[in-house]
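Place chain G on chain C using the hints.
Each chain is listed here by its residues.
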Amino acid sequence: MSVAQRELEKPVAVPPQRDSSRTPSAVAPYKPLLLGVAGSLGFLLIWQVFSAIGPVGSHYLPPPTVVFAEFVENLSDPDFWTSVGYTLRAWLIGLVVSSVAAIVVGVIIGSSTFLRRATHSTIEFLRPIPAVALIPLAALLYGPALSAELLIVVYACFWIVLVQVLYGVADVDKVATDTALTLQMNFWQRVRYLLFPTLLPFLMTGIRLAATVALILSVGVELIIGTPGLGQDVALAQINDDAPAMFALIVTSGVLGMLVNWLMGTIERKVLFWHASVRGGVKS
Amino acid sequence: MKTLKSLGYFVGLPIVLIAAWWAATQGGGSFYVPDPDQLVTAFRTVWLGDGFTQDALPSIARLLVGLALSIVLGVGLGIAIGSIDWVRWLLSPLLEFLRAVPSTIMIPVLLLLIGINDAMKVTVIVLGCLWPILLNTIKGVASIDEVQSDTGRVYGLTGIDRMRYLVLPAASPQIFAGIRQSLAVGLVLMVVSEMFAATEGIGYAIINFQNRIDIPEMWSGIVLLGLLGVALSVLFQIVQGRVLGWYEGLKESAND
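For the protein sequence lines, the chains are C and G, in the order given. With this note's numbering as the guide, the letters of the first sequence map in order to residues 1 to 284. With this note's numbering as the guide, the letters of the second sequence map in order to residues 285 to 540.
These are computed hints drawn from the structure, not numbers from a lab. Only a predicted model underlies this, so the values are computations on that prediction, with no experimental measurement involved. Take these hints with a grain of salt, some might be off.
[What the hints assert, rightly or not] Taking lysine-lysine pairs in the DSSO-like style, the calculated list, with each CA pair at most 30 angstroms apart, reads:
(1) C:Lys-270 / G:Lys-286
(2) C:Lys-174 / C:Lys-270
(3) G:Lys-535 / G:Lys-286
(4) G:Lys-535 / C:Lys-270
(5) C:Lys-270 / C:Lys-31
(6) G:Lys-289 / C:Lys-270
(7) C:Lys-174 / G:Lys-535
Just chain C, same shape as in the assembly (with noise of 0.2 angstroms):
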């Protein structure tokens, strides 16, 4: 999902010249939320129901009502902050590690055509090999401990960075980067005000896909290795057979995962100010 896409859904961003018979600006601006709540509060009331006469029994799909209970109470237990910021460091380590590798990995690559061309095969090979293989060798290096986590987001996310900083590297403009050359600018100019415009946007798309991936992973490896964190504490939920701590547990993660998406979402338009995408003129 790009900004722009996001720009243009708002009934706001739709030019007044366009047939407004059709377009959402005939539509009062609060009806998408009423409808989005009326949605939400819809599905919360078919769970409930379902977990009172479905076929699967409130023990194991316990109702909303005692879900969200349990996610109230748990924001009262120290223990269970402690574990949100486990998974939280994970992800934030690990995100700007793997960041701060893949923009000098990749400045350095792309900036030149025989690494470029050299190290092409490899990156191919590499990049899709799943992070995930290698939580048995994480697991036997650090046991579980921070590294393990960190060894798996790192690698998921380096490739996921990189690729984009290849893409934004070979995307600056030929006769930009000509003009930069005629007015002498030396090396740090060229990167200030040639090379990082270019690159920005292609960084910033590459940084929210990890940002994404690395909860994903942080989360996966906690579950298998039993690194403290929310994972662990779902895969203990489970194994004493606790369903509504399990379901408060996964309320917990998707309204993290949101907040990411807020997040990362949030931090590439104020970057991002200045670029075509945000200002909602073209489409990315």
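Just chain G now, kept in the frame of chain C:
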């Protein structure tokens, strides 16, 4: 000469890396890293025999079934939700939430609800792969060019024809972007669900080797997953090239 040069670029770095690996493991090296000979032998004995039919095939079958279901469900539901405004508004906050749940966390729940079997693993894969395809399809369908859809209406395109000649082609670049995200997610979920709870499968086999500290065998499983990932991505690119060839051409001519 030119082909020779590109061949050199293609195999150059891999050969250097493998040589470095071989040299580094000759004097004993690390306990955790096998040398190339050991790895090749382990790969042959583990995966090119019973292992292939017992562990690799069930995994691949589950992955493909999960992906196929996700594509059919995602595109089908996506077209339905995307073409009707009020349905889209009704469901979009809910879908955004469901998509934000990191899919690996669903594995213990489904284990509890469904039990350890193929249905659970396929469900896990579908629950992870569905969202990128579904949300991309909704977006693609909802943002069809107005001139295009008006033209379609003027020509009296309705029902199946409208789907076949207007909606699907217009949304296909977005749909393919969604499918590409799903491939990676599907592979991750296949492996994690097998590592967490299974009696066969590639993920189960790798975890088993890890527990028995069979280092070369464990690495051979990692290599197999790597090959599987590469194969999937090559296959996807071929299909995408076939189906979206017109779109790539359009983009190129627009850039000129």
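We went through each hint and held it up to the structure:
With a CA separation close to 46 angstroms, the supplied pair C:Lys-270 and G:Lys-286 exceeds the 30 angstroms bound. Proximity of C:Lys-174 to C:Lys-270 is assessed by CA-CA distance (about 27 angstroms); at most 30 angstroms being required, the pair is judged to hold. Proximity of G:Lys-535 to G:Lys-286 is assessed by CA-CA distance (about 28 angstroms); at most 30 angstroms being required, the pair is judged to hold. Only pairs whose Cα atoms come within 30 angstroms are accepted, and G:Lys-535 paired with C:Lys-270 is accepted, the gap being roughly 28 angstroms.
At roughly 28 angstroms between alpha-carbon atoms, C:Lys-270 and C:Lys-31 fall within 30 angstroms of each other, so this suggested pair holds. In summary, the hint linking G:Lys-289 to C:Lys-270 is not supported, as the alpha carbons are separated by about 45 angstroms, beyond the 30 angstroms threshold. Between C:Lys-174 and G:Lys-535, the direct Cα distance comes to roughly 19 angstroms. Compliance with the 30 angstroms bound is thereby established for this hinted pair.
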